[in-house]
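As a plain string of letters, each chain reads:
2 protein chains.
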Amino acid sequence: MRAKAPGTAGTAPAAQCRQGNSATGSSELLHTMISHSIFSSSTSSAAERISAILQQEEPGDRKSPLLFVQLNELLSTAAGLAWRETARWIKFEEKVEDGGERWSKPHVPALRLHSLFELRTCLQEGTVLLDLGAHTLPHVAEKAVSAQPEVWEPELQDCLADVLLRQPLHRPTMAPLPGVWSQLAIPHGPDFLSFQLRNRFKKKLLPGAEVASVLVGEVDFLKKPFPVFIRLREAVTLGSLTEVAFPSRFLFILLGPQAKAKAYYEIGRAMATLLTDELFQRIAWQAKHQEDLIAGLDEFLDELAVLPPGKWDPSDRIPPPRCLSSPDKRISMHLREWKSRCNGNTTAAKDRPSPAHLHTSEELERTGRLFGGLIRDIRRKARWYRSDFSDAMHIQCLSAVLYIYLATITNAITFGGMLGDATANMQGVLESFLGTAFTGSIFCLFSGQPLTILSSTGPVLVFERLLFSFSEDYGLDYLEFRLWIGLWVAFFGLALVATEASHLVQYFTRFTEEGFCALISLIFIYDSLKKMLSLAEAFPINWHYRADDVTLYSCTCNLSGPGECELSATAPAHTLSRQSPSTADLALPAEHLPPHFSQSGGHLLGTSCQYVPDIALLSFLLFGGTFLCCTTLKRFKSSRYFPTGLRKLVSDFSIILTILVFCAIDAALGLETPKLLVPSELKPTNPMRGWIIFPFGANPWWICLVSVVPAILVTILIFMDQQITAVIVNRKEHKLKKGAGFHLDFLCVSLLMIVTSVMGLPWYVSATVISLAHMESLRKESTASAPGEQPEFLGIREQRLTGLVVFILTGVSVFLAPILKYIPMPVLYGVFLHMGVVALNSIQFTDRVRLLLMPAKHQPDHLYLRHVPLCRVHLFTFIQLLCLAVLWVIKSTAAAIVFPVMLLALVGIRKALECIFSLHDLSWLDNIMPAAGSKEAEGKLQRKQEEQESYADEESSAILFQPTSSGVKIELLGCS
Amino acid sequence: MRAKAPGTAGTAPAAQCRQGNSATGSSELLHTMISHSIFSSSTSSAAERISAILQQEEPGDRKSPLLFVQLNELLSTAAGLAWRETARWIKFEEKVEDGGERWSKPHVPALRLHSLFELRTCLQEGTVLLDLGAHTLPHVAEKAVSAQPEVWEPELQDCLADVLLRQPLHRPTMAPLPGVWSQLAIPHGPDFLSFQLRNRFKKKLLPGAEVASVLVGEVDFLKKPFPVFIRLREAVTLGSLTEVAFPSRFLFILLGPQAKAKAYYEIGRAMATLLTDELFQRIAWQAKHQEDLIAGLDEFLDELAVLPPGKWDPSDRIPPPRCLSSPDKRISMHLREWKSRCNGNTTAAKDRPSPAHLHTSEELERTGRLFGGLIRDIRRKARWYRSDFSDAMHIQCLSAVLYIYLATITNAITFGGMLGDATANMQGVLESFLGTAFTGSIFCLFSGQPLTILSSTGPVLVFERLLFSFSEDYGLDYLEFRLWIGLWVAFFGLALVATEASHLVQYFTRFTEEGFCALISLIFIYDSLKKMLSLAEAFPINWHYRADDVTLYSCTCNLSGPGECELSATAPAHTLSRQSPSTADLALPAEHLPPHFSQSGGHLLGTSCQYVPDIALLSFLLFGGTFLCCTTLKRFKSSRYFPTGLRKLVSDFSIILTILVFCAIDAALGLETPKLLVPSELKPTNPMRGWIIFPFGANPWWICLVSVVPAILVTILIFMDQQITAVIVNRKEHKLKKGAGFHLDFLCVSLLMIVTSVMGLPWYVSATVISLAHMESLRKESTASAPGEQPEFLGIREQRLTGLVVFILTGVSVFLAPILKYIPMPVLYGVFLHMGVVALNSIQFTDRVRLLLMPAKHQPDHLYLRHVPLCRVHLFTFIQLLCLAVLWVIKSTAAAIVFPVMLLALVGIRKALECIFSLHDLSWLDNIMPAAGSKEAEGKLQRKQEEQESYADEESSAILFQPTSSGVKIELLGCS
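In order, the protein sequences belong to chains P and A.
For the first sequence, position 825 matches number 825 in our numbering, and the numbering has no gaps at all.
Convert by adding 976 to the 1-based position in the second sequence; the result is the number in our numbering.
The hints are simulated quantities; they were obtained by calculation from the structure and are not laboratory data.
A quick note: this is a predicted structure, and the numbers were derived from the prediction, not measured.
Just so you know, even glycine gets a beta-carbon here, dropped at the ideal spot from N, CA and C.
One should not assume that every hint holds.
Straight-line distance between alpha carbons at most 30 Å, and here's what the computed DSSO-like set of lysine-lysine pairs gives [claimed, not checked]:
hint, chain 1, residue 1, chain 2, residue 2
1, P, K780, A, K1756
2, P, K738, P, K780
3, A, K1833, P, K857
4, P, K204, A, K1833
Computed list of chain P residues with no C-beta within reach of chain A, every gap over 10 Å [unchecked claim]:
hint, residue
5, L132
6, E150
7, P154
8, L274
9, A498
10, V550
11, S608
12, V612
13, P679
14, G690
15, I692
16, W701
17, G795
Construct the entire structure; sequences and hints are all you get.
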């Protein structure tokens, strides 16, 4: 049972690949300790020993139980010596702060190398009891002290056993209070703390977890240290020794003479940290001899990162990293490395598993047959259809429904309001609600990826605006024209599905996505500001108002007949502008005009007629307030105040909360600010249209043919908008199990175009942000995770029910009209400004534009800056800026309507960039397009990609583990 | 010359305190490497050796030259093998990023322990040439390769020499551009880069610096590694080998067989990091044998901090810490530790030098004689008087003058405006300018600490407001009453100087300061908001205005004679309120009233008479905009954009910039917002007063006696305000050489009270923030500091000239009146809100209030939270909140005028807290008061303080090295 061996490391069992050791003298130990040296190609004996231990493991053993490590210190109290827990580990260290009532934040345990060396001596000189058969603490103590009778005299043994059996000290000060306090309580002993309190920390541990206790302290009767390492044959519960009621497996005891308590504590920490190491845990489990443990320690030493003295403050606590490579990976890398070392290969360290390719997936492969992709999609999804409903039976889905419902109606209100604005209410809020509800439900029932949420999106809104003004300019009937376009788009859509065009999305690289997104964001920002300025025109302020002259301001109705000169001098500018929405772009209803004015045909006369007091300035206050409030509430998630759940809730509902708050303010003030226009009955917003659009009548017959041209543009737009979202939603990092359905999704979108065009409802495609939020709210995560460790992401609840319920609720919400009419337009503009700014901030392009303003030494440590020269980064940014400027100019001129083609041209420009930039640079600044030209380039690409993969692995996992806010904000507005 | 020794460490020369080594077997090496073990009380041979080396040092050698370390790697290029610099160190590591055109940010070099072990083997196995006499690189190379002829055959020697003499590779891509680019250039070889570019990095190095070059690489002709360590006898310039044109002292060469380039690179990094260690540098300088170097490495190993594998991402670059303990301290600690270890004492690690006591200084000691302190002050300062002018001859003083001048007039404008507001223009902006200029100049000429700047401060402003409303309420003449108070205050002030009362400031602990500051900040916030609401009352908005009814709104002047009923129905509320400043607290001039109204005595009639459009809302926009703009510009300093100098400039001038911007906006809009009132001629702001206040006449004669009571209050206020600032300014951490003059300062302030009271100017005391800003702008810092290292603070340019010039300029600025009258009052209120919020945010009390809202696990890692239980922290905060509430209530009731006494009562409450809190807790949450009660308590205190000092050392240096923003913002407004 007791394995006492000489100090030098024994011969290893797996020495077959040893090639001779050239080390001499005292460096022998170093060679034992370090696994491979530049001076010898041999594997060290420690490494060999470990390799042998790990290879011995049966496959069933692989999953060793989670180990909870606690450090008990021997403290002298009024009642004599007592043990007290002062630190604990699962993955990271938490220590009890001075004052004893607070656990520190989890942090990376920084040790002194010295303590590890001392620990090594402890393991060499001390007692090591492997597979001790004992079932109670007194039994364990007795065996531990009597293991080396030749060293420890009987009276010392008694003293030692007495110290070991001292009761753990209960926290003497006060009973834990609820709330804040209960988190700080140190659970100690079942007679003191309730079972519930124990449970609080227990939930961090998986069932079957085991405990390792490290006991250190100084006693007056010892002359030299007494170190014991014990592994129990069977894990047993050792009563109040441990914080949690889990069975104990390992014990490490270090008692020693006085005046070195600090040193014992540090050695105890070193042992505890060692026991949290996954590789050492395996060795501790499998060890047959004392030397196995020492070999494990040596291997641990070999892998240490060290920080030089005097360059770093050891009292700084290093926070746990956001993502860590899995321990299994590390261990298998070890095995591979040792193996390859035997074969004389040294590149093992670079041999990381390749990251998931974000853009190419099995679903996008071409079959070469007509509708081949679609058929595959239907086959793939059909077998999940039943489970798409049964999988929704979880409480999480309920909260997802509420969240996504609110997000959906927010979108319906804001986009509906903007669409109404853009099309003189040909499509308004009511149409937006109806369209969203109808298309959304259909899509959820029949689509390939029901996790995506259909919504109005920025690009479509921009196009509708262009289409409406085009129709106005050429005297066409907008809705009829649009109907033909929609029908053609559906036709082209079917053709694209038939030819499996979805596989082309692989050519939409980051360059294209960002150009797309930046343009739309800028349009949102520009439009919301322009709207506010037009409000100021619609409600003019008398800047020259003087309170002294209060009696000089008046406005009377002159009924004496129209006089040209009088009209031009005192024309009521704001009433005129409010009459024609095309001037001020504001659709105030006609009945808001002064009644006696429209009845009599008279003219307003006076100095105050052309001014409306206060409304413009209040609108600006509401606008600014909404923007700031949205931004602040959105950021509230990362503040320190209040519990995480509450913060997340506030942040997630920031927009709806802001709208509510500012509507309340506006209503309380009572000023006549311009409001959202919603019909109170279930009839089209604009009374001049019906529910069904007739294909002929208002326009010349040949319009149905001419609409092919705009239809091509819309097809490009819809295709890009839909497919980029689909790619993002179906990314491998989301761990979807039921597969994607690019072709089926696009088929649904195309067919829905027919219905929406016929009924004059808005067009819908998948919206990125809301879809990501939907997935976010359906995340499955591992519940038990060590303090400081990020919970593991397990996948998404893939089902159709949440989406379906959301859209049914949206449909019911049509009856919200009496509430919606209280929403002031400046508040909606503020929300749109916020959306535009957030979307613009979320893209790497914006980061790179910012770099232009930063001195090199203040630039953040972006990975691409480590690999691409700054001048190339700036050149790339300049080209993107140039493209954006050209797009903006095109959008602003008469050629505006061709802008979808220009967006597509971005793909070509990106292709052309390959002449200017090396593939290496592009791989950092952008993605790589498939089949990048010649064979030579391909080889180059492959080489560079391999190099990149070692980083990309870290990068992609970093993306995965990013807090959800940045995950969601990738493209708000669904602008790509 | 060549010291080749066997692998085992030799016997140490200083072995007299060795007590026997109990280690056996392979742990022998560990005992050689680690300096003291729990298993033996002996000092390790490495430690003994080092101790001997360090003690050998002659005192003159102490200052070893700065060492610049660079790592050259052997890379294969198109033109064959070439050396290229890929990393460099002064204190921290900077590496060349992939792409080769960018230096990384300086970071703490994290090594793998493995490489250090390998380096140890290199030093053991390789050639070590100490004091090599060679003057050129070929000479060095020849000696290096021929040092071990028995190992390296002649043809190998030739190959090695050939490789070593390869020219360093010049950066091939492009010539550096100016601006951003030049910072990225890698200076390589004098034929390529201009001298100026070299200089860019050179200025980081002190004259006399030396270079250590580490050369690593793989070559095809070697079968085993070739490591050489060289110390040159005389430092020689080795041409283009080094980046900077400094002489080289050390070279470390490691060439080896192929396929292990990564390992050589890591060993090279380990060597370079080792060479940046101050302790190792000394040893490398003094080393006589190879073993000395190895002992130095072992000592380095022993002090390492290590991070366990798998818990931390090694690609994370750890930023340099803000403050580091000085290397000298570390080395002397080592010496002490070894010495104490020989004496069996183990507490050496705790023996840190005690920090400066912030509150007790030599200047505050009592002499026990009348005016004893004052006489000492005058004696102390007199001998510096001449140098107080000659020391100002530096360009830095010019920029300090400009900066402090702008800050002073900003203060004069804002406080002048607020004072005018509070006292119905009895003291206005003009008085503020004159008073500031006069008192400031006098103080600069005669005070004890001319670095402090006199200014109006928050507490005085609050008191003046109370005094004015008291005078109004009791029908007293404000200025005459105030004159008597001022005279009494001066008298009490003299008495306080005579009795050396300044030594009492030691009782003003953080508790008192924070109570004081929090109250004033809250008053500022509350007042600015109240002012804005009263503006809204003064310019009422017609919330029920309907644009449809535009013809119904009018206002006409009814001259038919005063009719009671008509007046009450349509009374122009805003004109009434503007007439009486006491109602709306707004001092609009009488001539702004409607002319025909005041002339005719008629009444305004109509629905629009009582409303003023737009002005209130625009005021709110200006107010909010000013606040946000101030806050944003202030924070701009810590943004990443634009060079540091520009950011600092914008941040320092944030308030004046904001005022300018919003004045411009207001002027451009042209609306009649309420403006700052400044007389255009050099006469008192209020035309009802003269320049000299007569002591009798307006008030009853006994007022001169009654004013003793308020005078006591003002004396308390002035004393607290002045002395707390003086203590902060004279803190030891500012390294002032000419000493303080607390008594002399207070004498000046008291005497100036007489002048300001007689002339009806505001009262002045030292203002904390502006004084700290003054010192900040006169900081002397060491110029050369290693990348990543903070520059060393050397002291302050202590002189009287900058202050004097500032105040003379302020006096000249009286003629700015035509410009000042464009400043809208809402902008000033915005500035005051900003000041209040900043001051409130700067105190620890606010941090603790925030803790109440935070879940324990999200709380920041404040030092006091590590040491005081959270419930005690909360209790302390609650008590402070309670005190604040009581102060607020007192301030708001009729007893308002006694609030200075209540402030003083805080000192008593603080004293009483010692019954509730332990001195340990108070020492973390507050400062310790002198003579804390009984002997027992004192002993306790001392013990606790000792404990604290080990941390306080870190803390105080952290405070010292904090970015200036937080230093300055300690108490904006000079509110304590």
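Now for the hints, and whether the structure bears them out:
Taking the CA atoms of K780/P and K1756/A, the gap is near 58 Å; set against the 30 Å cutoff, the hint is violated. At roughly 15 Å between alpha-carbon atoms, K738/P and K780/P fall within 30 Å of each other, so this suggested pair holds. Distance check on the hinted pair: K1833/A and K857/P sit about 34 Å apart at the alpha-carbon level, beyond 30 Å; violated. Only pairs whose Cα atoms come within 30 Å are accepted, and K204/P paired with K1833/A is accepted, the gap being roughly 15 Å.
With a least CB separation of 24 Å from chain A, L132/P remains clear of the 10 Å interface cut-off, as annotated. At the 10 Å boundary, the C-beta of E150/P stays outside the reach of chain A, the nearest C-beta of that chain being 15 Å off. The beta carbon of P154/P sits about 23 Å from the closest Cβ of chain A, which is more than 10 Å, so the claim that it is off the interface holds. The Cβ of L274/P does not lie farther than 10 Å from every Cβ of chain A; its closest approach is about 8 Å, which violates its non-interface assignment.
With 10 Å as the threshold on Cβ separation, the claim that A498/P sits away from chain A holds: the shortest Cβ distance comes to roughly 46 Å. At roughly 5 Å, the least C-beta separation between V550/P and chain A is not larger than 10 Å, which violates its mark as non-interface. A beta-carbon of chain A is positioned within 10 Å of the beta-carbon of S608/P; the least distance is around 7 Å. Not every beta carbon of chain A lies more than 10 Å from that of V612/P, the smallest distance being close to 5 Å; the non-interface claim is violated.
Against chain A, the non-interface label of P679/P holds: every CB pair exceeds 10 Å, the least being about 21 Å. For G690/P, the condition that its CB be more than 10 Å from all CB atoms of chain A holds, with the nearest at approximately 30 Å. Residue placement check: I692/P keeps its beta carbon more than 10 Å from all beta carbons of chain A (closest about 36 Å). The non-interface label for W701/P is consistent with chain A: the shortest C-beta to C-beta separation is roughly 45 Å, beyond 10 Å.
Separation of G795/P from chain A is adequate, the least Cβ-Cβ distance of about 25 Å exceeding the 10 Å criterion.
Of the numbered hints listed earlier, those contradicted by the structure are 1, 3, 8, 10, 11, 12.
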